[in-house]
Every structure is written in C-alpha cells, then in structure tokens.
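As a plain string of letters, each chain reads:
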Amino acid sequence: MAVIECRQVTRTYRRGEQEITPLERLDLDVQAGEFLALMGPSGSGKTTLLNLIAGIDKPTSGVLRIDGEDIATFSRSKLAAWRGQNVGYIFQLYNLVPVLTAYENVELPLLLQNLSRSERHERVSSALHLVGIADRHDHYPRQLSGGQEQRVAIARAIVGKPRILVADEPTGDLDRTSAHEILTLLRELTRSVGCTLIMVTHDPHATEYADRTLHLEKGRLVEQDEGVAS
Amino acid sequence: MIRPRMLPLVLKYIVRHQARTLLTLGGIASAMFLFCAVQAMRDGVAEATQETADETTLVVYRENRFCPFTSELPEDYGRKIAAIPGVAEVSPMRIVVNNCRAALDVVTYRGVTEASLRSMDLMLPEGSIDDWTRRNDAALVGVRLAERRGLKVGDRLSAAGVTVTIAGILTSTNPQDQNVAYVHLDFLQRAAGNKQGIVTQFNVRVADSTQLDAVAAAIDEVFSNAQAPTWTSSEKAFVSRAIVDIVRLTSFAGWLGIGSLVAVFALVANAISLSVRDRIKDHAIMQTIGYPEHLIARLVVAESLILSLLGGVLGLSLAVLVSWFGSFTISVEGVSIVVQADIATILAGMAICAAIGASAGLLPALRAARMSTAEAFRAV
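Residue numbers (our numbering), protein chains in the order written: chain Y, 237 to 466; chain H, 1028 to 1407.
Please keep in mind that the hints were generated in silico from the structure rather than gathered at the bench. All figures in this text were calculated on a predicted structure; none of them were measured in a lab. A virtual CB, placed ideally from N, CA and C, is assigned to each residue, including glycine. Do not take every clue at face value.
[As the list claims (entries may be wrong)] Some but not every residue of chain H turned toward chain Y, in silico, with C-beta under 7 Å: (1) A1046; (2) I1316; (3) G1317; (4) R1397.
With the rest of the complex left out, here is chain H:
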C-alpha cells in the first residue's frame, strides 16, 4: 500500500491530535471489546449445540420436564434401555445444580457410576480417578469451574446443600465437562434429597451413529405407558432445547455485535475526515513538491487502517484478558456455555478492523486526493 519509509509520516499524523486519537482509539477498543464478547458468546452456544454426523450419544430425560430439579427417572430404567438393540452403553446420571435459571456462577454436580466415569474421555492434570474411587464424597472438578472458584485438589466445595472433596481437576474436549463436578452417583442420590434409585437422565451411547434417531424412538416407545415417560434426543439437541432462551438472546446480541462494527466505522471515518480537513494545506504542499494524488490517498487510507487496527488490538486484547481471567460460563438448567474469546474470534476481529479501516478512510482519501493544489491553497 505505502512504502515503509512513508510510515513515520503516517504515524506523525496519527499522534498529531493526541486527545482526539486517544478518544477514537478508546471508542474503537470499546466497540471491538463488545463485538468480541458477543462473538465469544455466540461461539459458545454454537459449540454446545452444533450437531455433527458422528454423534453417538443420546440423552434420556423425563418427558415434559426441562430442569434437573424436576426430571426424575427410576434408575432401573437403565437395564431396559441396555436391552434395546443398537445401544452400546448406558450411564445413569443424577444432576444437582445450585441454580436452575441462567446464571454465570452455577455449580453442577453430576452423579455417575465409576464405570461411566472411566468410559469418559477425560484428562486429569491434577489428581486421579483412583483417588476419586477411594473416597465416597470425592469430586472431579472441571478446569473452568476450578478456576472460577479457585479450587485445587484437597479443597472442599459446598453448593446446593452438598459438600464434596476435590480429588482431581479434569479437562475434556467436551465443553460441558469443563464446568461440572463429577461425584459418585449413590453419594449424590443420598446427599441431595435422599433419592436413592432416582436419576435425572441416562446418557446412552449408540453403536452406530446412523441409528441414533431409531434408538431414541425405541427408548421412548418402551416407556410411553410408564409412570415416568421419557423424552430421548441427541445430546446436542437436548442442549439446544435446554438453552433455547440463551440461543434467542445470542441472536439478539448478534445485532449488538453488528452495531458495534458500525460504531467503529463511524468513529474511524469521523476521525479521518477531521484529520484530512485539518491538513488541506499539508496535502497541497505535498502535491506541490511532487506527491501524486494516488499516493496522498494511500497515505490517508493507511492512517485510517492503522488507527482502526490499533483500536482493534486494544479492544480484542482486553476481551481476551477478561474472558480468560474471568472464566465466564453461562449455565442454564444444568447445561454450560463457555464464553471465551478464541483465536478465530481474534483473527476475525482483526480482519474486520482492517476492512473497516480501509473502507472508512476511502472517502476522505478520495476527497484529499481530488482537491486541486491551487484550490487547496486558496481554501486555506
């Protein structure tokens, strides 16, 4: 766009009006922070709900119930589900949360059997499953929950009337696992309401992903006339239903993200227009000493681009810091949505800043370039 030797000239014009430049950068940074936060939320929702062709997990829930507090199924349903053709594995799960509504700091206990826990794809940077097995009130805590609550191995965690001892910190490719505490199923059944033999849901692994819908229908058929009928769906569809309000909210937040980008455009365009108006004479001088009009236009666009990128770097850096150190997770009905700015969001933000910077500077650049030198001197 411009030769490197021209860069100091562009930077001098950017810092010429320091207060104006700082205010513009602050505005761009705030707008890009908002954009990044909205985008991180949307990404979290997409990650939690997007189904893939190789999904093999079904969730069996109590029909017409939407919250772990009210979904109660007899634990012995597990034997009947395991007998249905196509079912590879059944994991009964008791879920207890300290808040069923949407909130940022929800503790979700998942009571599981040892066999179910060992079949999960979990990594434990601290502690071990053996430690968990040895102690009845032990919990394996997801890394984001541990960060949010400042937990480490050996600490005690109390929530929803249940107190556990941390036996390990876990990470997993499944974002849901990052925010829960896995405890013994029988312990949780006793500790939370003394409901032995009652579970919240069954997680069912199907042998063939193409059989997912057929197996789900077969399970619901088996219990259609039971006292506690079931609603079975893929894990992702189950999550989508649970967080439908959050999905609507993020759709609306998408407009906020677009609004913030429009604000960036307006801020950059305004700053560059003022800057160009301030230096009509400088451009006339430059034209007089041989600067062609296309070079003057490129210098203005470069200024706009740098201003926009600087503001973008500031806002996006702030968003990354806040999202990493804040460990934000929105939980609703026991389902967690991780709100974290990832590298793709940052790169997209920078690309958008570059595009906005270039386009916002275009009109002032053309105006600066098209003004005749003689006219410009007469104007000042």
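Only chain Y is shown next, with the shape it has when bound in the complex:
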C-alpha cells in the first residue's frame, strides 16, 4: 500500500519578478517501509519534493496524500503537530541546535509530547544507543565530528518513532567512510524500525543502499531504477 501519493503535484514560487517552478505535475507513489533515493542535478526539484512530503511546504496545485490524508489542507498548527508525530527530518548539514547537547537535541522533539522525564530519558538513551553515539551524549555539536553530528541528527529524527524519514543529502558533507556508516545505519533503521525513508542524494554510491532510485530533471520524473540493496 502506498504511504505517499503525489498526483499532478506542482510547486511554484516567486523570486522577485521571476516565477520559478521547481516541481511540475509530478506523480509518485512510495510504499510503506520503502527506502527511496531521489537523484538529479541542482534545481531539479529534489529538495522541494522532500519538503512537500515532510509537510514543511505545500504544493501550489495537485494532491499530496500521506496515509490517505491530503496534508496540503492542514492548517499550519495542525501541520506542525502532524510533522512532530509522523516525520523525522535529516539535513545535509545536520542542523543541530548549537546551544543544546547531543542528548538535549535528541530530546527536543519529545518535549512536545506528554512524556515524563524518565520516559523521555529512556527514549533518548535508546535512540543515541541505536545510532552508536551514547558516549557523546553530553557533547555540544561544536565538540562532535561531522559523522557524529549526523548520527545525533538521525537519533533526533527517529526518537519520535515517525512513520516517514526524509533525508536531504545526509552524506553530502561526510567523508566516504562516514558516509558508508551513515547509509548502512539508515538502511538498518528502515528495516528495524519499519519506517519509510526518502533520501535526496547526488552520490551514485548512496543509491546502492536504496530499494529504488528516482531521477528528477527540471521538476519532472525522468527515470526509475530498482536498487541493489540487500
């Protein structure tokens, strides 16, 4: 069953006098538990599609259903609450909050939920342990390497047990060894946690970890590959 359904999705915005359409009449289905990679040149609409799926942007036209719900009709508050419960976002540049420790960064989404201090502690510790960074829990982002920061960001994305994980070039700022470790971790997480993962990447090696790869160009889907992940 498709957890994400895009029908004729278009996103247009204005930059000064210029109208830009990074995504045009896109149709896409993503199955539950699938690891989908999105590839394409800069400006092809990958990140725009990711932002639409994550509910941090809305399509100009078309229908985007997640779990059968048209999220474009949600109010900003409802959309925020929906994101908190259903989506985990992993950024290329990690985007950890610099004034918070690794532990506090991972705890941040849980502060929105009615959990006791001990429940939060249990879930944060478990997430940090899962991504292999438990021993750095009291470190600030500036005290961590790129790979460690991305692990903390992944822990923050999965701590709320989301149904969908979106990752915008999660290995774009990492060396090859760290990139391999992060991609392996993401693949294992989709299988152990059972969430759907949509990943934007420029790296052809990264697509080897995905179940399926889509190629975008000028806002349109141009090609699909089955992945080689095992």
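We have chain Y; now place chain H onto it with these hints.
Below, chain H without anything else, positioned relative to chain Y:
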C-alpha cells in the same frame, strides 16, 4: 505560558551570548534602579503631604515666613490659642536646623515641653522618656537620624551650635519624627541664640477634625493685628508649602522614571530582536520537528519576560539595599522626606518589568513564528 520542561531551553538561549545578556541585564538593572529611586522619592513626598479626613493637627507659623530661622512667635500665644473653642491641646515648639535649604543630611532639633512629648505617639526601642526628663541637654533621636549619624544612647550630637546627649532612639508612625531630635524647649531656647520665650511654631490638636479649617481661621483672626501675625494650616498643608520646590522636582523626576521604563523596553526589545535574528535556523529546525508557531512565539516571549524580570530583580534589589543602608532623607526648612524603597514600590517595579518583558518580546516573537520553515532555511 510555557511548560516547565521548556524552561531549560529558554535559559540556554538567554546565556548563549553572555556578554550581550550581561550588558542588557546591566542596562535594565540601572534603569530599574533609577525608576525605584524616583518612585521612592515620590512616595516620600506623598507620605509627607497627603492629607486624610481624620487630620486633627494644625501648625501655627509666623505669617509670610518659610524657614525655622525666621519664624518667631511669643511663647505666651499658647495661652490665647488654648482658649479658642475647639482646641484640645497646644504644644509650643522651637525648631533649629543646621541647614535651611534642601539637603540630605540635615539635623533638626525640636524643642518641646515634657507634657507635649508625653502626648506624642512615640515608641522608644532604646532609652526612655524618664532618662530624657532627668537631663536638661537630653535628646530623643529619630531612628533614621540615628542610623544616618551612627548614634546610640549616651552619645553626644553636635549641630547648629547645639550639643545634646542621646537619651533614647525613637520610632513613630509619623515620618517627620524619624528624622528629628526632640530636646527640652527651654534648653533649645537658651542654647540656640538665647531666645527665651520665643518659639518657632505651635502644634495645635483640634477636638473635631471637621472643625480644622474653622479653628485655623479663628487662630489667625486672634493674632491678625498683633506684632507677630500667624499663618495656620493643617500639618500636611504646612509640609506641602514648605517643600513646594521638592514637589516640583519630584514631578519632573517622574518623567525620568518614565524615561527609564522606556529604556528598559528598548533594551529588552533590542536584545530579543537580535537573539531571534541569530537563530532563524534554530526556529526553522524546531518547526521542522513539529514545534507549532504559537509555541515558538511563546518561547521568545518567555525569554523576553525572564530577561526583563532578571534585570528588574537586580536593579530593584540594588535600590532597596542602597535606600535601606543609606537612610536617605531630604530635609528642607525643617521638614523631612524619607526616601526609602518600600515593598509596594518593589512589587510595582516587578509588575512593570513583567509587562515590559512580555510586550517587548511580542513583535520579535510574531516575526519568528510567522516565518515559513522553507523560507527560513533559504534565508540561512
């Protein structure tokens, strides 16, 4: 406003830029110190001059004289005043000050009879009226004068050419009593200019407060053709006339107080605006992980509120310490105005800080909340 579990996050943002936060807190504290000092002065003036419906005391002064140095009335006026219908008690008083102009450290001697002293509502934590009675040069000193001059029972006090021995420290509900030294009337008449039979004023207690104006008019009528005509008014009106310049000054100082509050608003608003601008990305991250815009706005307002209250606590605490340990009293023409930050001023200051903190954070909070997540990421 926000749940307690969010508080550490707000505090982390407050201490993020330590130098900026300290400068802001210093600015708020200075402004609130100024506000508190001005307010304490205004309260002192109000306390000294506000008349109440149950006032029963009149002051009889020499007409067209405004200073204890120049107001001289024959002591035997007291018998004629006592004979006027409605007068319950007459207390002759000789007043000597070491400085007739407005000053912070004025010593005011009030020469009174023993009967007058015993009729006053005085409390003596140290010494006694009997000790005062036994010694001709004895003085009962108001607690604020004693604190200011570091006086205790048995010490000698010299001012305006008069030297007295402290027989007791007194407190009273009347703020004027806290700053004077009560001495024997005949002693002061002799010691200050050898003016036996001359007093500065009469304090007249009226049996019925509704008769205050009528009795005052009757007294002035009796002496209207005498060599030393009188001007009689209620005690509070007398004080108001004596300190009219100070009243004008405190009215002007009120604008300084308002200016200091505007400065607090500007400081807090500036600090929060800069703080919010610094973390556009952090707010975008928070929105991405599910923080609704109203919660982000509340976090910003909470930060503004805490910053303003912290600065307020610092400034007001400093004002309280300075006013209590400094024992400031402005005296003019023998009338004293106590400048002391009381609990009402502190509470009002904190409430104002809270209101300023909340309102100063409102605009930056709305800006932070209204920025779309996608826009915010593009902006950084």
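Checked hints:
For the restraint placing H/A1046 at the interface with chain Y, the shortest Cβ-Cβ distance is roughly 15 Å, beyond the 7 Å limit, so the hint is violated. Interface hint at H/I1316: satisfied, since its Cβ lies 5 Å from the closest Cβ of chain Y, which is below the 7 Å cut-off. This hint holds: H/G1317 has a C-beta 2 Å from the nearest C-beta of chain Y, less than the 7 Å allowed. Interface hint at H/R1397: violated, since its Cβ lies 9 Å from the closest Cβ of chain Y, which is beyond the 7 Å cut-off.
Hints 1, 4 from the earlier list are contradicted by this structure; the remaining hints agree with it.
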